[in-house]
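Let's have the full structure, built from the sequences with the hints guiding it.
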Amino acid sequence: MDALNQQSDNSVLGVPASSSVPNDGTGVIQLDPYLEPYKDSLRRRYAKAQDWIKKIDKNEGGLEKFSRGYERFGFTVSSDGTIAYREWAPNALRAYLIGDFNNWNRDSHEMKRDPYGVWEISLSPVDGKPAIEHDSKVKISLVIPNDHARIERIPAWITRVTQDLNVSPVYDARFWNPPHSYQFKNKRPPKPQSARIYEAHVGISSPEAKVSSYKEFTANTLPRIQKLGYNTIQLMAIMEHAYYASFGYQINSFFAASSRYGKPDDLKELIDTAHGMGITVLLDVVHSHASKNVLDGLNQLDGTDHLYFHEGVRGRHELWDSRLFNYGHHEVLRFLLSNLRFWMEEYQFDGFRFDGVTSMLYLHHGIGTGFSGGYHEYFGPSVDEDGVVYLMIANEMLHNLYPDSITIAEDVSGMPALCIALSLGGIGFDYRLAMAVPDLYIKWLKEKQDIDWDMGSLCFTLTNRRHGEKTIAYAESHDQALVGDKTLLFWLCDAQMYTNMSTLSEFTPVIERGMALHKMIRLITHGLGGEAYLNFEGNEFGHPEWLDFPREGNGNSFHYARRQFNLVDDLLLRYRFLNDFDAAMQWTEQKYGWLHSPQAYISLKHEGDKVIVFERAGLLWIFNFHPSSSFTDYRVGVEVAGTYRIVLNTDESAFGGLNRIQSEQRFFTTDFAWNGRKNFLQVYIPTRTAMVLALETISPNMVLEVYLDPCTVNSRKVLAGLDLLGTKYNLNHINYFTGEHKSDSYSKINPHQTVPCAKDGDLIITESNAILQHAADEGKPSSAYPADRHVRTDINRWLLWEASVWFQSCYVYLVEYVVKPLLKAQPDENVIEEQAGRWNHLAAILDAQLGKTKYIAGNDVTIADIAIAAPMHLHEAQRLPIDKHSNLKRCGRGAASRQTSQQWRRSGDPKSVGIHEPGDDAQQVSIKDGWHRADSFSADVNGFSVHKLRPKFANSWEDDDAVRKEFYPEVVDFLKKTVGARRVEVFDHTIRTKKNSEKKLTEETNTSQRAPVRLVHCDYTAESAPIRVKQLLPDEADDLLQRRVAFLNMWKPLKKVEEMPLTMCDVKSSPADDFFKLFLRYRDRTGENYVMRYSPKHQWYYFPQMEEDHVILLKTYDSDKSKAQFVGHTAFEDPNTKPDAPYRESVEIRTIAFF
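Numbering-wise, UniProt numbering puts 556 at position 556 of the sequence shown, and it's gapless, one number per residue.
It is possible that part of the hints are untrue.
[What the hints assert, rightly or not] Think about it this way: if two alpha-carbon atoms lie no more than 20 Å apart in a straight line, the pair counts; the simulated DMTMM-like pairs of lysine to aspartate or glutamate are:
1) LYS591 - ASP777
2) LYS1121 - GLU346
3) LYS137 - GLU110
4) LYS58 - GLU331
5) LYS928 - ASP9
6) LYS187 - GLU269
7) LYS591 - GLU705
8) LYS448 - GLU512
9) LYS948 - ASP57
10) LYS263 - GLU216
11) LYS1055 - ASP1109
12) LYS137 - ASP114
13) LYS137 - ASP107
14) LYS1121 - GLU71
15) LYS39 - GLU385
16) LYS58 - ASP935
17) LYS446 - ASP485
18) LYS268 - ASP135
19) LYS759 - ASP709
20) LYS443 - ASP485
21) LYS137 - ASP164
22) LYS605 - ASP777
23) LYS977 - ASP80
24) LYS1123 - ASP1073
25) LYS65 - ASP51
[Unchecked claim] Here are the computed distance ranges between Cβ atoms for each label pair:
26) ALA673 - SER629: 23 to 31 Å
27) HIS596 - ALA954: 40 to 48 Å
28) PRO821 - GLN1042: 34 to 42 Å
29) SER663 - ASP494: 28 to 36 Å
30) SER1122 - GLY81: 17 to 25 Å
31) ASP671 - HIS596: 42 to 50 Å
32) HIS559 - SER743: 40 to 48 Å
Don't read these hints as lab results, they were simulated from the structure. A virtual CB, placed ideally from N, CA and C, is assigned to each residue, including glycine.
What follows is the structure, encoded as structure tokens:
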């Protein structure tokens, strides 16, 4: 993808990545010069988005606060049980809250109106309980002008509605206030580099003829999705919709999860479980229109047709028979932005697929408009600029508050800059859908013979996407599954799907063709079509029937409103072959990462042979679409020389193929240019087959997931070995000493409950030496594991020797002389004496070998040296009698040992997160002045906030007793008011002054007085914070920890800060993986805090020249994972500091807030 787009801020308040790019909304012209004539339109919408955000900042306290409208509107319950209900209905003369709680008395609970048309009522608790019972029915009753008639409506912000079709199709609003809120157990997974999206509808996700539930989806469908290899789920029909057959696109209650499938906590459990599987979950959000329902929708909520919508014809979509939002209205923006925020916060979704974006972009909504691609169609009077600006603000809000969130635009028009960064003048989406691709396949299947398929046209359609904009490719849409249309396999096989999909029946030419093309179409779409891939559930195995929801026309039957996953499980049916191929395709992408690799180089589009050849992600892709011709020794060009092997083959018998291609064969390149590539190789490609080849000697995009604790011997071995091999990996720290290796979550990864462990796709590797061998086999040949088979055999021999005898012998010394003293136990010299003879015998074997060769297997360090050095890495502390073996001593202190220990010195490398010496590698970063947006920072969102505070404390700050007695109570009162805590405990403070700057950390007196810390850190970890609560409040801790607990540091200057200011990293830009633990040994306890590794994605802020009447709140721990938990912060040398600037003096108060 284009570097300018990728590196520019996705914010209209941000800046482009290059200073040469204008910061006025026209930067996108650098990517697409055809936009030059429309720069005035680009500037206008950019300025309009900025103006909206500035207006919101001024009047609403910022976009972060504005988008939390659900905390003010609708029903809210305070900690004492008081219920507040607010509704915007400016046309109403009077308003009343009615429901089960007051026996539907239409006059007893009148609401009050504010100047802006917001009605409000507060209900005090009754007998200590909320006045409205949980799950009871409620409505708002309004008196409207003209005839003063009563109308009764469902609250617009209601979070739970139910429908009883035996009584009425009209929904009932429910006051949802469960006694216990769902506690999410799993954090959001990292944003996938390659999004492999499984689009699903909960209600149809069962073979049974019924509406399936959230719980059934969690138990039955999620494991299928995980097994298939999809890393993202796109859930449709979640927002409550009145008509089941609308496929979820006629929304009546925007904040309510559909009750058809179960209760809200069931959906939360679904998402939480998916996150535990490492799966990202997106919501198919509908902000393009709303149901026209009056009694249970937004339509005419206050008696007018223009409350949330445009008035008259402009407010109606003639094809969808629905209402259209007025995106230029302040309260509509509040409603829609808060709706997005609500789903992200309450349900922990990871992003959105925005439905019907074309309708939002244009006043004609795409109706009767055939987009030709002319740029005049994307600008001018037909564009709904308010709709465009709303989408810009929505992306601004989402990507600012949730940097890893994903937004997808469903647009058929081809609007330029849809997925370009906001600072360049784009609209800010992450992905757009390649909607032309499935249309091409259906058109060809309907109108063309196979021999007439145009290879050039196919390649053009698959690669024809806007420069720099990420695209989601898919072979067939969910609309094609609906009754009246056909899926790909239905078009290909038609009636024979009912007669010949059994392995016991004839494998007819129709079925052979259908299955072959089904696999080929999906594979070429996956490999060539975009930067992400999408599949609608059931299509992966060629679901045999259309989708038809129960309706009057089909006798309200559920027979076709289901997905027949049972067909895949039947080993006598051919559907399993297609399912297995789809899984192989996803997992192969997981390994090689072609979706997030640069666009393919197509070297051949042969119309006569119907052959397509291209390269992407270091793989060679070969397709033969010819309906009858096979080709032997077919010459194809390839850029990189070497030996190639097949990694994916559509003709495998395991995938229902004819096994004409032998997957174990190898292909050797010839140094002769062909089709514009430096080399060629020759292959046999049977008719209607495709294969993907990879260099045998290298998996260029392999990234191991490694799980270990660097404090263990074998973990250090693996880290050193992977570094020596140059293997890319992601490190997942498993705390061996707290028993994390025995946790349920880790046991799912490694049932052996051991560290280290590695994961390569679906392959789990549990032994340290096996991990090194696998990494060496999959990586480039090197001196660490040479290609020579004899040398490899010798290395393997020593690896087995190390694991079977050497490790155990060295380990005895480690336990007796290192581990036992740490546990305050005495070594057992008898054990050492028993082991000494065996250890010296083994050491003599090594010493003799090292007398013949420089290293164990020759003159180069290999993974065998790493393995053998690891258990003797602490040889001095272990008291190993190494001095008796001179050659071993030389090597033990030489290359192998250095390789092991260097992992503790590295920094700045993502693959060695947490394995370097903290503070040994300073980095230059950009730190922004935070004063211009000081009011927008929130400790719960950003991890820090700035406030005014003029303390009454007038004593000496170096008088610790006075600080505790007089200033601590001020801090308690301030924090209760500021963060809403019911209790605050101040337990510590630190004074940082010049005369304390030379004090050692180990000094036994005045430990509250220190120098500024110049190391990016956070004071507590997820484990140490609860432990600290137990240490400080042992009698109350168990009860207190049942509720939300947060550690907050209040940092206050004692005079104007002119040097060594404090800087904070926005938590939104620093994922949990950026932190690693640092253990701290105090006089009375051992603690731990987080140290943060460098990342160019970090966003840093400081408040220069801060006066003593301001304070900064730092969130150093929060038990609520939905809020900012750990803020990295440090003092730093400000280059603007004057040479004679006075030394910084400050006080830092450490507190625990209980909620």
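Hint-by-hint comparison with the structure:
Using a Cα cut-off of 20 Å, the hinted pair LYS591 and ASP777 holds, with the two alpha carbons roughly 14 Å apart. The hinted pair formed by LYS1121 and GLU346 meets the criterion: a straight-line CA distance of about 12 Å does not exceed 20 Å. This hinted pair checks out: LYS137 and GLU110 have alpha carbons roughly 17 Å apart, not beyond 20 Å. A threshold of 20 Å between alpha carbons decides the hint, and for LYS58 with GLU331 the separation of about 15 Å falls inside it, so the pair holds.
Annotation: proposed proximity of LYS928 to ASP9 holds, straight-line Cα distance about 13 Å (limit 20 Å). Among the hinted pairs, LYS187 with GLU269 is consistent with the structure: their alpha-carbon atoms are about 13 Å apart, no more than 20 Å. A threshold of 20 Å between alpha carbons decides the hint, and for LYS591 with GLU705 the separation of about 11 Å falls inside it, so the pair holds. Restraint check: the Cα-Cα separation between LYS448 and GLU512 comes to about 18 Å, which is no more than 20 Å; the hinted pair holds.
With a C-alpha separation of about 18 Å, the suggested pair LYS948 and ASP57 falls inside the 20 Å cut-off, and the hint holds. Under the criterion of a C-alpha separation no larger than 20 Å, the hint pairing LYS263 with GLU216 is consistent with the structure, at around 12 Å. Proposed proximity of LYS1055 and ASP1109 is supported: the alpha carbons are some 9 Å apart, at most 20 Å. For the suggested pair LYS137 and ASP114, the alpha carbons sit about 26 Å apart, so the restraint of at most 20 Å is broken.
In summary, the hint linking LYS137 to ASP107 is supported, as the alpha carbons are separated by about 17 Å, within the 20 Å threshold. Taking the CA atoms of LYS1121 and GLU71, the gap is about 18 Å. The hint holds against a cut of 20 Å. Distance restraint check for LYS39 and GLU385: the Cα-Cα separation of roughly 14 Å lies within the 20 Å cut-off, and the hinted pair is therefore satisfied. Between the alpha carbons of LYS58 and ASP935 the distance comes to roughly 10 Å, so the proposed pair stays at or under 20 Å and holds.
With a C-alpha separation of about 11 Å, the suggested pair LYS446 and ASP485 falls inside the 20 Å cut-off, and the hint holds. Of the pairs offered as hints, the one joining LYS268 and ASP135 holds, with about 18 Å between alpha carbons and a cut-off of 20 Å not exceeded. Straight-line distance between C-alpha atoms of LYS759 and ASP709 comes to about 15 Å, which keeps the hinted pair within the 20 Å bound. About 12 Å separates the Cα atoms of LYS443 and ASP485, which keeps this hinted pair within 20 Å; it holds.
Restraint check for LYS137 and ASP164: satisfied, since their Cα atoms lie roughly 13 Å apart, inside the 20 Å limit. With a C-alpha separation of about 34 Å, the suggested pairing of LYS605 with ASP777 is violated against the 20 Å cut-off. Using a Cα cut-off of 20 Å, the hinted pair LYS977 and ASP80 holds, with the two alpha carbons roughly 16 Å apart. With a C-alpha separation of about 16 Å, the suggested pairing of LYS1123 with ASP1073 holds against the 20 Å cut-off.
Pair hint LYS65 plus ASP51 holds up; C-alpha atoms about 17 Å apart against a cutoff of 20 Å. Remark: the range hint 23 to 31 Å for ALA673 to SER629 is upheld by a beta-carbon distance near 26 Å. Between HIS596 and ALA954 the CB atoms are about 60 Å apart, so this pair departs from the stated range of 40 to 48 Å. At about 38 Å, the beta-carbon gap between PRO821 and GLN1042 stays in the expected band of 34 to 42 Å.
For the pair SER663 and ASP494, the supplied restraint of 28 to 36 Å holds, since their beta-carbon distance comes to about 31 Å. Between SER1122 and GLY81 the Cβ separation comes to about 22 Å, which falls inside the hinted range of 17 to 25 Å. Between ASP671 and HIS596 the C-beta distance comes to about 31 Å, which lies outside the given range of 42 to 50 Å. Taking the beta carbon of each, HIS559 and SER743 are about 44 Å apart, inside 40 to 48 Å as hinted.
The structure fails hints 12, 22, 27, 31 (numbered hints given earlier, in ascending order).
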